[in-house]
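Asker: What follows is each chain in one-letter form.
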Amino acid sequence: MSLIYEDEALIAAALAGSPHAWEKLVKRYESRVFNQGLRLMGNPSDAMDLLQEVFLGVYRNLHRFRGDAKFSSWLFRIAHNKAIDLSRRKRLLAGTPLNAEREADPLDSLLADRQQEPEISLMHSQLNRRIVERLSQLPLAQRLVVELKVFQSMTFEEIADMQDISENTAKTRFYAALKKLKQTTEGEHVLS
Amino acid sequence: MSCPKTDYLLQEYFSGSLSTQASAEFDKHLAKCGECRAELDTLLLTGRELLSWQDQRVPHWDRGLGLFKREHAAMPKATGWFERWQWAPTAASFAMLCLLLLNTSVSVSDLGFEIAFGGSADRAEIDRSLATFEAQQLAEIESLIRRFEARQDSNNVQLLQAVMEQTQQSTAESLDRIYAYFEEQRLRDLQDMQLGYQQLADSDYATLRSLQELAQFVSYRDTAR
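Chains as they are written, first to last, in the working numbering: chain A, 1 to 192; chain B, 1 to 225.
Each hint should be verified, as a subset may be incorrect.
Among chain A residues calculated to face chain B with C-beta under 8 Å, some are [said to hold, decoys possible]: (1) F34; (2) L127; (3) N128; (4) F174; (5) K182.
Listing some non-contacts, in silico: residues in chain A with all C-beta distances to chain B over 12 Å [claimed, not checked]: (6) Y5; (7) F65; (8) R66; (9) G67; (10) W74; (11) R77; (12) D85; (13) K90; (14) L92; (15) A94; (16) E147; (17) D161; (18) D164; (19) A176.
Rather than coming from a laboratory, the hints here were simulated on the basis of the structure. Computed from a prediction, not measured in an experiment: that's the story for all the values here. Every residue gets a Cβ at the ideal spot worked out from N, C-alpha and C, and that includes glycine.
If we strip away everything but chain B, and leave its shape as in the complex, we get (with noise of 0.2 Å):
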């Protein structure tokens, strides 16, 4: 390449920056420099010959797709404004359930607006309602002891009857046996006693008989002498 100007020039056309005049003398250099032209020529075929790339075809792959369901399924999102907004419904019924349960009231004054909870009676209507509610109470709880004390009674009671039944059958039946021990024991002393008089009506007998022999030996022998 013997021009000078080939590459100079050349650089500045594929670069896009020559001005009108500097391409008007470009032009006016190539009609009179074949080398120049060849060169550029050569160039442009080149660069037209990469534009000839045919796209071809991305073989087989999963385009990320078990990454991002991987990813995805472990942080599921809403997608759409029922799933984001679905919790909505039931918030609001739980705010209204609060305010139904505490008894909320808004009142609005010079002061500006209050708002309270549990209704708006005053003190002393308050304490009046509690007095009457502990008096219920205590009217209540003094009632039910009573119930319970009756029946506590109740049940001694019969507790007691049914121990006293038990108590008199068990003291007739010691009796009955008692008496019946004592009715033997009198028959058994009265058939001993029977026995002694016997035994000393015979012990009787025999000093008589004694005697009796006494008196005759004693006759006897005065007779004798």
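One chain only, chain A, in its complex shape (with noise of 0.2 Å):
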């Protein structure tokens, strides 16, 4: 069985009530998106809630799933918006000195987090530490692309369904993206 018509059997043994088809089916692409949350929110504390409410939006919207396009791209695009949400409100809490500080640097939340809780210190990889710095470096509409981009495999043309934008400005947007990246990376190689 493929894994779109596995996915279909575990969406309709969900939506009968099965506890275990729907377990099968979050366990199917949590990882995937957590770590999209990772590189999007730069810390494991808002990665999780964003698997949280990405999932909590999966379930109440399950029944509404059509069929017409792929589970994972229907998930997805869940994702996305609700990085996209999750990143608003991060945003509008910011007024407080709490969080405004947080905003300021991204990592020094990471480095809090890690911290704070042992138990999701997930950023052991040197290499994901560094990636998830640059990204955020990155403004949200940027770091989305590149998410897309190269994470997901997408093209400039989904990429720009999802977004609701022009095929052009996803393409800028990448490259600009790409320039910014480059010139963090080459600030670190001066640095050490």
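Please assemble the complex out of the two chains, which come individually in their own frames, going by the hints.
Answerer: Next comes the structure, spelled out in structure tokens:
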């Protein structure tokens, strides 16, 4: 059975009330959503928030999933929208002194999370830490395009459709993001 | 970055929209422009570094199972074919029972087919049946009334007998008592009468003696004179 058919079977069983099917469906995609959250939100705590919000959204709207598109596409569209919502909420909360400090340097929050939550101190990989550090320097719009292009392997047409922007805008954002990332990398090399 | 073409060419390259001819020109330019080549290499390296991301393990969470179970426990749904259709035999049995109880019959005629409830007997037969049933019922009711009256009569007779026995007993006892009373009164009257006669006799005797004494006195006085 292909993954798509298996997804459909799991969705049908979950809609019929099978917790086992729901758990299997979540397990299948949670790692991809969580890692996407890490890259977009910059810390494990917010990545977990995103993960929970995404699957809550999936659960609430599962009966609306028609099967016209792949379940994974539908799910990552939800994840994309939830990431934007969560980032906006964080930006609004940044008005308070506590969060303003976090917003000033996302890596601080990452380090703080690691100290406070040893169980989810997931940034064990130096490479991952460096990538998160670089991505956090990008504006959200560019970060999202990089995420979709590099990590989700989407075409610019698909990105434009998902973000409701023109294809050219998507390309420009991606190139601008690459240049910004390159500058950050060069800055790191100079410092090191 | 002094090459004026770098940004344009690299943006086109990374957008994947270079035509075959443009791609050939781009390669030609790269071959002679070290600046663009270096920029391209750096950008490619940047992209590759991003791809070195190592997926990280998801921390433990309940995967929304708590919510899922809570909401589905409140509204359990049928999961299999059997659960979805297990009401069917009961419904079929009920329908058959209704058909039997209503004596449903289906008849096909030239006009079509008709479904009748309660059989197909004609009106006269129904009336005859009703009259017979009514007569049977009346006869039965009369029989019951007669039996009831007979039982009531029997009960009444028994009751009267019991009452009369009681009355006779009490009457006899009363007559005995009256007779005894009269006898007692008669004896008492006889005694009183004897006593009266005695007193009368005594009185008569006293009168006689007085008369005797008076006579004696008179005779004495006459004698004396």
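Asker: Could you run down the list of hints and mark each one as holding or not?
Answerer: Results of checking the hints against the structure:
{"no.": "1", "hint": "F34", "verdict": "holds, 5 Å"}
{"no.": "2", "hint": "L127", "verdict": "holds, 5 Å"}
{"no.": "3", "hint": "N128", "verdict": "holds, 6 Å"}
{"no.": "4", "hint": "F174", "verdict": "holds, 6 Å"}
{"no.": "5", "hint": "K182", "verdict": "holds, 5 Å"}
{"no.": "6", "hint": "Y5", "verdict": "holds, 19 Å"}
{"no.": "7", "hint": "F65", "verdict": "holds, 16 Å"}
{"no.": "8", "hint": "R66", "verdict": "holds, 20 Å"}
{"no.": "9", "hint": "G67", "verdict": "holds, 19 Å"}
{"no.": "10", "hint": "W74", "verdict": "holds, 17 Å"}
{"no.": "11", "hint": "R77", "verdict": "holds, 19 Å"}
{"no.": "12", "hint": "D85", "verdict": "holds, 18 Å"}
{"no.": "13", "hint": "K90", "verdict": "holds, 20 Å"}
{"no.": "14", "hint": "L92", "verdict": "holds, 25 Å"}
{"no.": "15", "hint": "A94", "verdict": "holds, 25 Å"}
{"no.": "16", "hint": "E147", "verdict": "violated, 10 Å"}
{"no.": "17", "hint": "D161", "verdict": "holds, 16 Å"}
{"no.": "18", "hint": "D164", "verdict": "holds, 19 Å"}
{"no.": "19", "hint": "A176", "verdict": "violated, 9 Å"}
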